[in-house]
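Novice: Chains as they are written, first to last, in the numbering used here: chain A, 5 to 279; chain B, 6 to 302.
If you're looking for bench data, these hints aren't it; they were derived computationally from the structure.
Bear in mind the structure is a predicted one, so any value in this text is a computation, not a measurement.
Keep in mind that the hints are not guaranteed to be accurate.
[Said to hold, decoys possible] Here are some chain A residues the structure puts well away from chain B; computed CB gaps all over 10 Å: (1) 26; (2) 79; (3) 142; (4) 200; (5) 269.
[Said to hold, decoys possible] Distance windows between CB atoms, simulated: (6) B:26 with A:135: 44 to 52 Å; (7) B:229 with A:185: 56 to 64 Å; (8) B:108 with A:52: 56 to 64 Å; (9) B:173 with A:173: 48 to 56 Å; (10) A:46 with B:267: 39 to 47 Å; (11) A:15 with B:203: 37 to 45 Å; (12) B:150 with A:173: 27 to 35 Å; (13) B:203 with A:24: 51 to 59 Å; (14) A:173 with B:73: 53 to 61 Å; (15) A:204 with B:229: 53 to 61 Å; (16) B:290 with A:233: 49 to 57 Å; (17) A:270 with B:116: 27 to 35 Å; (18) B:39 with A:173: 32 to 40 Å.
Idealized CB from N, CA, C, for every residue including glycine.
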Amino acid sequence: MRADYVEVGGTRSFVLEEGEGQPVLCLHTAGQSGVQWREVQPRLAELGYRVVVPDLPGHGRSEPALGGPVRDLEVYARWCEELMDRLAMDRPFVVGCSIGGAITLQLAVRRGERLAGAVAMAAHGGTDSTMLTVRGLERELVDSAAPSRSDRTYFGTLAVVGRRVPAERAELIARMHRREDPEISNSDLIGWATHDVLAKLDGVACPTHLVVGDDDLWLDPADVRRAADLIPGSRYTLLEGIGHYPMEELEGFADVLHGWLGELNGRDGRDRGAA
Amino acid sequence: MGSSTTEASREAAASGERAEAPYFEDFEVGRVYTGPARTFSAAVVAAFAEVSGDEAALHTERGPSADGRPLVHGPLGLAGFFGWHHDRGLSVNVEAAFDTHWDFVAPIHVGDSVTYEMTVTRTRRTSALRNGVVGRHVVVRNQHGEIVQVGRTAALVTAREVVDDRAARLGRAFPSTQWAQALAARLADSAAFTRATGTWDGTIGLRFGGDLVVFRVYKGRVLEAGTRTPDGPTFVVSAPDVVWAGLLTGPQNDFTKRTMRDEFEVEGSAYEYLRLTSAIVALVEEARAFARAEGTR
Numbered sequence: 005m006r007a008d009y010v011e012v013g014g015t016r017s018f019v020l021e022e023g024e025g026q027p028v029l030c031l032h033t034a035g036q037s038g039v040q041w042r043e044v045q046p047r048l049a050e051l052g053y054r055v056v057v058p059d060l061p062g063h064g065r066s067e068p069a070l071g072g073p074v075r076d077l078e079v080y081a082r083w084c085e086e087l088m089d090r091l092a093m094d095r096p097f098v099v100g101c102s103i104g105g106a107i108t109l110q111l112a113v114r115r116g117e118r119l120a121g122a123v124a125m126a127a128h129g130g131t132d133s134t135m136l137t138v139r140g141l142e143r144e145l146v147d148s149a150a151p152s153r154s155d156r157t158y159f160g161t162l163a164v165v166g167r168r169v170p171a172e173r174a175e176l177i178a179r180m181h182r183r184e185d186p187e188i189s190n191s192d193l194i195g196w197a198t199h200d201v202l203a204k205l206d207g208v209a210c211p212t213h214l215v216v217g218d219d220d221l222w223l224d225p226a227d228v229r230r231a232a233d234l235i236p237g238s239r240y241t242l243l244e245g246i247g248h249y250p251m252e253e254l255e256g257f258a259d260v261l262h263g264w265l266g267e268l269n270g271r272d273g274r275d276r277g278a279a
Numbered sequence: 006m007g008s009s010t011t012e013a014s015r016e017a018a019a020s021g022e023r024a025e026a027p028y029f030e031d032f033e034v035g036r037v038y039t040g041p042a043r044t045f046s047a048a049v050v051a052a053f054a055e056v057s058g059d060e061a062a063l064h065t066e067r068g069p070s071a072d073g074r075p076l077v078h079g080p081l082g083l084a085g086f087f088g089w090h091h092d093r094g095l096s097v098n099v100e101a102a103f104d105t106h107w108d109f110v111a112p113i114h115v116g117d118s119v120t121y122e123m124t125v126t127r128t129r130r131t132s133a134l135r136n137g138v139v140g141r142h143v144v145v146r147n148q149h150g151e152i153v154q155v156g157r158t159a160a161l162v163t164a165r166e167v168v169d170d171r172a173a174r175l176g177r178a179f180p181s182t183q184w185a186q187a188l189a190a191r192l193a194d195s196a197a198f199t200r201a202t203g204t205w206d207g208t209i210g211l212r213f214g215g216d217l218v219v220f221r222v223y224k225g226r227v228l229e230a231g232t233r234t235p236d237g238p239t240f241v242v243s244a245p246d247v248v249w250a251g252l253l254t255g256p257q258n259d260f261t262k263r264t265m266r267d268e269f270e271v272e273g274s275a276y277e278y279l280r281l282t283s284a285i286v287a288l289v290e291e292a293r294a295f296a297r298a299e300g301t302r
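Chain B extracted, bound-state conformation:
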């Protein structure tokens, strides 16, 4: 089972990319990690069948596709991510793996070569300050570039220094309440936002994966930012963490393009959402500036 892992290690070492093992501080929101492909040979799949006990004919003899190639176990694709993570030298300071959600989008067949692409979507230093939780989004593609698995997984990673740098790193600490409150303060100085909401009375909700933050707006001013308001949000703009991370840390404010690609969902009043088009673009613009500034004023 270790043969292709060893090959990958050799490739990684040969590429000379291996730097110092990353600590919590090095996993910056928006950063993308890639690496060499990994092939799931018949021997690797047989070994996994034995270790897991899932020796179903589907994996060991004949798969459902026309050519009969057996299917790689879905969990092997997931396990392969952790192997890849280790191979890339990213696991040295990992203390624990947390919540992991994995979607099997398309089959992986024996003999397929997959690549892993990991995007850091959230970081949060723990109150103990000596480590932090890193949220990651993972896309697994086969040798044809087709997405076969998509996952989210968090890890507890040791910090390089035991310091409270949370204020300095607040710009990318979405979707925490502290981030929302700091963004609200910045929006007070955004002419585009205050102008676009100058006649508005309502609450904008932004949902990052499962977490909601709300901005209570009255005539251009954000009265309060947090996780709830008495009447709830007028509308909520939702997307997975990886979409927000890309929008807020990527090279351009491509909110409209992403809406055209259906990357966002809207709940609540669609009318008020459309009415606030330029306000939301301005809010995103300010959140992007905040992410670049990496801190409070």
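Just chain A, with the same shape it has in the complex:
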């Protein structure tokens, strides 16, 4: 495994790379970091991929974005494009979860023809005003208005981990999720609550797979299904007993993902399929 600080978006960003083969970019959730992929990355590399796991700007060991905390997921999408170009990732897969899943959908919309495929987990591509309001998120950007933040992140994470996940595993996930910068997390969530690529999903030009856990209280699986239906030839998977963080919750996730990527490799996106 190789760790690098890469200059992307004018800042130094932390990237972990492992393996040789078809490149895979793995994107983390709001406020978190690439550490969410720590078990998936080595196993996926063993299965024959070049696995690239960045910390998005302001997260983990990456410097903050130049313009301050990012509130627009398209900014992250552009950042990912620069990173993929910088690292010469040719025809990569992109796999992301939550805001990472939403960024994955943004990338599929923006440059699907240059991707081998996209796996978007826990994302539905639309705005989200039922669970999260921009006003509420803005209010909690002021530290004095956001009491017991880490307790709420801890209990909130436990609440959205699936019923199949053993208690010790859920506890580990929730404890690690406390390591967030609230300003970054809330800005990410503002990005989540306001992004909307639904109108562009019919133009996605790479094989795409949407995945959601049936214990994910943040999303209605019907919304994910609807997004999948908008993408020509896409696949949809409902994970039973899994919540908002499949790559952390599902034992042997790398092997499952390997299967999904194999299926995406076997099918063409709409544009290439038509060619």
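For this one, chain A is given, so just place chain B on it according to the hints.
Specialist: Coordinates of chain B only, in the frame set by chain A:
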């Protein structure tokens, strides 16, 4: 009007579930009762129209929906609950029905089959000791699983034995003052609660339906528990009885999940409520342990 009732009886009898007719002591808070579906045929609805005198065209000729199917009388859905209760053998020791509140959430059409699901939400033995009041929450669903009616209704039920077992059953006697006081005593030994409230000075309110209990907290200790304090609660966490019954007697402490599903409301200082997140989770944890222990120490 009795035909579908008879069918239901036959189904219940055939299923062999019929045990001894339940007494007050058998209605344990958190217990859920279900049973076979009941169909409201045109004949049943016509009979109810005649008995009640509500022979409006809405019920007898044509309803407002596109297919014109007449609507079942809302009160027939309610009356059907008492029929279901009897059919299930649950009414044998019922002495009286008390307060009943019923919401008509969605229409029931003639020909629809409904199921009743009853959750015991409160029990209180009367001071006479020979009977007790049982609070029930009722959900009525149609054949598509959609909720059509939701109700709350209480019944006075004869006790099996004339004994004072109130102390032994205190763990599920929420939201009585005695329960709140016993819970307060338990919270003194809860490291999670005393730690989370160690720098706090205020009053936590919990509202069960219309009933409030408060816990006056000062630096980790509950000074007093009851129904009021001079300055009132800092915040109040409210939910219907059925939500509390599920939270306090269900398989896991799913308070956070329930808040994410908007099952609770908060009045008063939202800031202090958020600040006490882990304290409330600890309080719920202790109340759940108390409900399992079913008694005082």
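Novice: Does each hint fit the structure? Answer for all of them.
Specialist: Status of the hints after comparison with the structure:
1. Its beta-carbon lying about 38 Å from the closest one in chain B, residue 26 of chain A satisfies the requirement of being farther than 10 Å from that chain.
2. Against the 10 Å criterion, residue 79 of chain A stays outside the reach of chain B, whose nearest CB is about 28 Å from its own CB.
3. At roughly 15 Å, the least C-beta separation between residue 142 of chain A and chain B is larger than 10 Å, which holds for a residue marked as non-interface.
4. For residue 200 of chain A, the requirement that its beta carbon stay farther than 10 Å from each beta carbon of chain B is met, with the minimum near 23 Å.
5. Chain B leaves residue 269 of chain A outside its interface by the beta-carbon criterion, the shortest separation being 37 Å against a cut-off of 10 Å.
6. Judged by the Cβ atoms, the range 44 to 52 Å given for residue 26 of chain B and residue 135 of chain A holds: they are separated by roughly 46 Å.
7. In this structure, residue 229 of chain B and residue 185 of chain A break the distance hint of 56 to 64 Å, their C-beta atoms being roughly 40 Å apart.
8. At about 59 Å, the beta-carbon gap between residue 108 of chain B and residue 52 of chain A stays in the expected band of 56 to 64 Å.
9. Restraint check, residue 173 of chain B to residue 173 of chain A: a C-beta distance of roughly 38 Å breaks the suggested window 48 to 56 Å.
10. For residue 46 of chain A and residue 267 of chain B, the Cβ-Cβ distance of about 41 Å falls inside the hinted range of 39 to 47 Å, so the restraint holds.
11. Separation of residue 15 of chain A from residue 203 of chain B is about 41 Å and conforms to the stated range, judged on CB atoms against 37 to 45 Å.
12. Restraint check, residue 150 of chain B to residue 173 of chain A: a C-beta distance of roughly 32 Å satisfies the suggested window 27 to 35 Å.
13. Take residue 203 of chain B and residue 24 of chain A: their Cβ atoms lie about 54 Å apart, and the range 51 to 59 Å holds.
14. For the hinted restraint 53 to 61 Å between residue 173 of chain A and residue 73 of chain B, the CB-CB distance of approximately 55 Å keeps it satisfied.
15. Between residue 204 of chain A and residue 229 of chain B the beta carbons are some 60 Å apart, a value that agrees with the proposed interval 53 to 61 Å.
16. The hinted range of 49 to 57 Å is not satisfied by residue 290 of chain B and residue 233 of chain A, whose Cβ atoms lie roughly 42 Å apart.
17. At roughly 49 Å, the beta carbons of residue 270 of chain A and residue 116 of chain B sit outside the given window of 27 to 35 Å.
18. Our hint of 32 to 40 Å for residue 39 of chain B and residue 173 of chain A holds, since their Cβ atoms are close to 33 Å apart.
In this structure, the earlier hints numbered 7, 9, 16, 17 are contradicted, and the remaining ones agree with it.
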